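Visitor: Sequence:
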Amino acid sequence: MPKIKLYNMTMVCDDAGRVLVLDRVKTDWPGLTFPGGKVEPGESFVASAIREIYEETGLEIANPVPCGVVHWAHKESGNRYIEYLYRADSFRGTLKEGTDEGRVFWMDREELRASDRLSPNFDLYLPLFLDGGYSELFFDWDGESWNAEPKYYPI
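In this text, residue positions in the sequence shown follow our numbering: the first is 875, and each later residue adds one.
Check before you lean on any hint, since a few could be wrong.
As the list claims (entries may be wrong) - With a cut-off of at most 25 Å between alpha-carbon atoms, the simulated DMTMM-like pairs for lysine to aspartate or glutamate come out as follows: (1) K912 with D1014; (2) K912 with D902; (3) K970 with E984.
It should be emphasised that the hints constitute simulated quantities derived from the structure, not laboratory data. Every value quoted in this text rests on a predicted model; they were computed, and no experiment measured them.
Kindly produce the complete structure, drawing on both the sequences and the hints.
Guide: Next up, the structure:
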């Protein structure tokens, strides 16, 4: 029976306009991305985003703002993956150097956008976080590759 799997991802911004980046080392999605993770049973999406940021970065964010959703269906398993995206510019605490997820650090937005080290398909996420003109991204996995033409939906 297919399952629905829920995730979150948050772009944290500082006063200098930089974004907090995770250099993810796990083999299922390595590369530069924003921190995030699974929504636990009984947990709201916002609470999960706040928790994941704290666990992966040591920072406590306040008032994360929804900025989009990414979702995909795996054709073999039938599983549906839904990932809620947030922006946060209010935070406190001391940044960790990293966890078992990878190293976290501040990076210029345009430097991130131009990087050749992004996690697979993360370049497709960036317009939802950085451009503000889209609210949703949907694409399919056919068992071998991602759909070549992801579908963006405007606000």
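Visitor: Are the hints correct? Go through all of them and say.
Guide: Okay, the hints, checked on the actual structure:
1. Annotation: proposed proximity of K912 to D1014 holds, straight-line Cα distance about 20 Å (limit 25 Å).
2. Taking the CA atoms of K912 and D902, the gap is about 14 Å. The hint holds against a cut of 25 Å.
3. Between K970 and E984, the direct Cα distance comes to roughly 23 Å. Compliance with the 25 Å bound is thereby established for this hinted pair.
Taken one by one, the earlier hints all hold for this structure without exception.
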